[in-house]
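Undergrad: Here's the letter readout for the chains.
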Amino acid sequence: MSAKDTDWDGVRLHVVTGKGGTGKTTVAAALALALAAGGKKVLLVEVEGRQGIAQLFDVPPLPYEERKVAVAPDGGEVFALAIDTEEALIEYLEMFYNLRRAGKALTKLGVIDFVTTIAPGLRDVILTGKVSESVRRREKNGKFKYDAVVMDAPPTGRISQFLNVSDEVSNLAKVGPVRNHGDLVMSVIRSPQTAVHFVTLLEEMPVQETLDGIHDLGETGIGVGAVIVNMERPAVLSAEGLAAAGRGELDQDEIVRGLKASGLEQHAGDYAAALAAEAAEHALRNALEQREKARITHEPRYDLPFLPHGMDLAGLYDLAHALRDQGAA
Amino acid sequence: MKNFDIDALIDDRRTRIIVCCGAGGVGKTTTAASLGLRAADRGRDVVVLTVDPARRLAQSMGLSELDNSPRRIEGVRGDGELHAMMLDMKRTFDEIIEAHSDPDRAKLILANPFYQSLSSSFSGTQEYMAMEKLGQLHRSNAWDLIIVDTPPSRNALDFLDAPERMGRFLDGRFIKLLLAPAKAGGRLGMKVFSAGFSMVTNAVTKVLGGQLLKDVSTFVTAFDTVFGGFRERAEKTYELLKSPGTAFLVVAAPEPDALREASYFVDRLKSERMPLAGLVVNRMAQSSASGLSSARSLAAAETLDERGDHPLTASLLRLHAERMQLAARQERLRDHFASANPTVPVTTVRAQAEDVHDLDGLRLVGDSLATSGQAKA
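Protein sequences, first through last, are from chains A and B. Each residue of the first sequence is one higher than the one before, starting from 0 at the first, in numbering that gives the first Met the number 0. Each residue of the second sequence is one higher than the one before, starting from 0 at the first, in numbering that gives the first Met the number 0.
None of these hints come from the bench; they were simulated from the model. Do not rely on the hints blindly, as some may be mistaken.
[Claimed, not checked] What follows is a list of derived Cβ distance ranges for each label pair:
{"id": "1", "chain 1": "B", "residue 1": "306", "chain 2": "A", "residue 2": "305", "range": "28 to 36 angstroms"}
{"id": "2", "chain 1": "A", "residue 1": "283", "chain 2": "B", "residue 2": "294", "range": "25 to 33 angstroms"}
{"id": "3", "chain 1": "A", "residue 1": "231", "chain 2": "B", "residue 2": "357", "range": "25 to 33 angstroms"}
Yeah, the Cβ is synthetic: ideal placement off N, Cα and C, and Gly gets one too.
Please take these sequences and the hints and turn them into a complete structure.
TA: Following this line, the structure appears as C-alpha cells:
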C-alpha cells in the first residue's frame with residue numbers, strides 16, 4: 000500500500016453509474032483494476048445481463064459464478080460476476096429460508112415473471128441484495144473475502160431508485176422478511192462503506208443527467224463518490240490557435256505555405272481550407288467541452304482520456320493507471 | 000454495403016409508422032425528430048412520439064417542453080405538418096385504467112401500492128406504454144406518419160413480447176394462486192396445484208409475508224378485468240407493427256458496443272419477422288480532405304517539426320490525421336456490421352460539431368441521413 004491515502008479509504012462498495020453511451024462498464028472495469036493493484040482482491044459485478052464485462056476482458060460470457068478475469072498491476076486480482084435475477088432469487092431463498100426446492104417450483108409457476116413484471120422493487124432488492132452480500136462476505140479467518148466490490152450499475156436516470164430499495168420495499172411490504180432483507184441491504188448501501196460514482200462525457204445531456212443524479216442521490220442519504228469524465232479529447236492546438244480557429248480567422252495563406260514546406264504541394268489550397276474548417280469544428284467542440292466541464296463543480300473529479308485506437312485490454316490498464324494517478328485508488 | 004434510401008422510405012405514402020430503436024446515447028431521439036421534420040418538409044402529416052425527456056430537443060423544435068399530447072411545431076416548409084409529444088407513462092397508464100374500468104374499481108387500482116410501483120418504475124412499463132400510445136395515435140387516424148423512438152434499454156424490444164408475456168402472466172398458475180382466495184372456487188386451485196400446492200403457498204407466504212401477499216392479491220383481482228383488454232390491444236399493436244406499413248429503423252453510433260447492440264436488435268427483429276428498414280449509423284467522423292491520408296498527414300507534420308517552422312500547420316495536420324484515423328476505424332466498424340448483415344441497408348450521419356439546437360440543425364441531420372444513403376448508390 001502506498002503512503003498516500005486514496006480518496007476512498009474505507010469505501011468497499013463502489014457503484015458506477017452513467018448515462019447510456021458514456022462508457023460506465025469500461026470505467027467500472029478500470030476502477031476495479033485500479034483498486035486491485037498492489038495485491039488486493041476486487042469483485043466486479045454486472046447487474047443488467049449485457050455481458051459487457053466478458054466482452055471487455057475478452058473472456059467467454061460469464062455464468063452466475065465469481066470468476067477471475069484479470070490480474071492487476073503488482074499482483075492484485077479482479078473477479079467478475081454477472082448477476083442473473085432468477086439464479087440470485089433461488090440462491091437467496093436457499094440461503095435465508097432453506098427453500099431451494101420451493102424456489103425451483105416458484106420459477107416454474109411464473110414467480111420470476113411475477114417479480115420482474117409486477118414488483119420491480121423486488122427485482123432490485125434481489126440484485127442489490129446479492130451485491131451487498133458479496134460486500135459483507137468473510138473468509139473463515141474473519142477477513143473480508145473481497146477488499147472492494149465494484150458494481151456496474153443501472154444508468155443514471157434509474158440509479159437513486161435502484162439503490163434506495165428500502166424505500167421501494169417499505170411501500171410494498173411494511174413488515175415481514177422482504178422488509179427485513181431490504182433493511183439489511185440498506186445498512187450497507189447507506190453506510191460510509193458505499194460511494195456512487197457518476198461517469199459522464201463532456202456533452203450537455205450526460206452532464207445534466209449527472210448533476211440531476213447527484214442531486215437526487217443526495218436526498219436519499221446515499222454517499223456520492225466522484226464524477227468521472229470519460230473520453231476527454233486533448234486540445235491539439237495552442238490556446239491562441241484554438242481561439243483563432245473558433246473565430247474562423249486562421250491564416251490560410253500561412254497554412255498553404257506550411258503545407259508546401261512539408262512537401263504537400265498538390266491541392267495545398269483545398270487542403271488548407273479543409274484543415275481550417277476541421278480546426279474550427281475542433282475549437283467549437285473544445286469550447287463546448289470546457290463549458291460543460293465548468294458546470295461540474297462536484298469534487299473529486301477524475302478525467303479519463305479518449306483512446307483513439309478504441310477500447311482494448313491495454314487501454315483498460317491505461318485508464319486504471321489514470322484513475323490511480325488521480326487518487327481514485 | 001446496401002444503401003438505405005431514407006427519402007424513398009418517407010416519401011412512400013404506404014409507410015405509416017417508423018420505429019427507431021437502438022442502445023442508449025446513440026442519438027435515437029434526434030434521428031426520430033430529424034426524420035419527422037424531413038418527412039413533414041416533404042409534405043407528410045407527421046407526429047413524433049418520444050420517450051426522451053430532453054428539453055433541448057423540445058427547444059430545438061421551438062417548444063419550451065413536450066408533454067403527453069401532440070403539440071404542433073411551427074416552421075415546416077411546404078404543406079406537411081409536424082407534431083411532437085413526449086410519453087408520460089404513468090399518465091398514459093392511469094388513463095387506460097380509467098377508460099377500462101368503472102370509477103370505483105379504477106380508484107381501488109390507482110391507490111394500490113403495486114399499481115403505483117408498476118406504473119411509475121417498472122422498467123418494462125415504458126415500453127408497453129409507448130406501444131399503447133402508438134396504437135392510440137394510429138387509431139385516431141389524425142396523422143399519416145407516426146415516428147416513435149423506443150426507450151434506451153436493451154429491453155427496448157420487450158414490447159414485442161408484450162402480448163405473449165402478458166398472456167403467460169395472466170394465464171400463469173401463480174396468478175391463479177393469488178386469485179384463488181378471491182375467486183373462492185377452490186376446485187380450480189386444487190386442480191392446478193395438486194402437487195406441491197401447500198409447499199408453494201407456504202413458501203410464498205414465508206418469503207413475501209402475509210400482508211404483502213394480500214396486497215398483491217387485491218391488486219391482481221382488481222386488475223384482472225383491465226388486463227384482459229390490455230392483452231387484446233397489445234396483440235393488435237403487435238400485428239400493426241408486423242404490417243407492411245411499419246418500418247423499423249435501428250440506430251447506432253460507430254462504436255463496438257452500440258453496433259453490437261444494433262446486431263442484437265437486427266436479429267431480434269428478424270426472428271419476430273418485423274419489417275426492418277435499415278440501420279442508421281450516427282456521428283460518423285468525416286473529412287472534406289479525405290484525399291490526404293492520416294499517414295501522409297502525420298509524415299508532413301513530422302517534416303515541419305524537423306524543420307522547426309510552421310507549427311500551426313503541423314498541429315492542423317495532426318488534428319487531421321487523428322480525424323482520418325477515427326473515420327477509418329468507424330468505417331471499419333460499419334463495414335463489419337454490413338458484412339455480417341448483408342441484407343440490411345445502411346446509411347450514416349455525419350458528426351456535427353455542436354448539438355442540434357434548432358430546426359435548421361435537425362434539417363442538417365436529415366440531409367445527411369438522406370444523402371449518404373444515396374451517394375454511393
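Undergrad: Give a verdict on every hint.
TA: To see whether the hints hold, each was checked on the structure:
{"no.": "1", "hint": "B:306 - A:305: 28 to 36 angstroms", "in the structure": "holds, 30 angstroms"}
{"no.": "2", "hint": "A:283 - B:294: 25 to 33 angstroms", "in the structure": "holds, 27 angstroms"}
{"no.": "3", "hint": "A:231 - B:357: 25 to 33 angstroms", "in the structure": "holds, 27 angstroms"}
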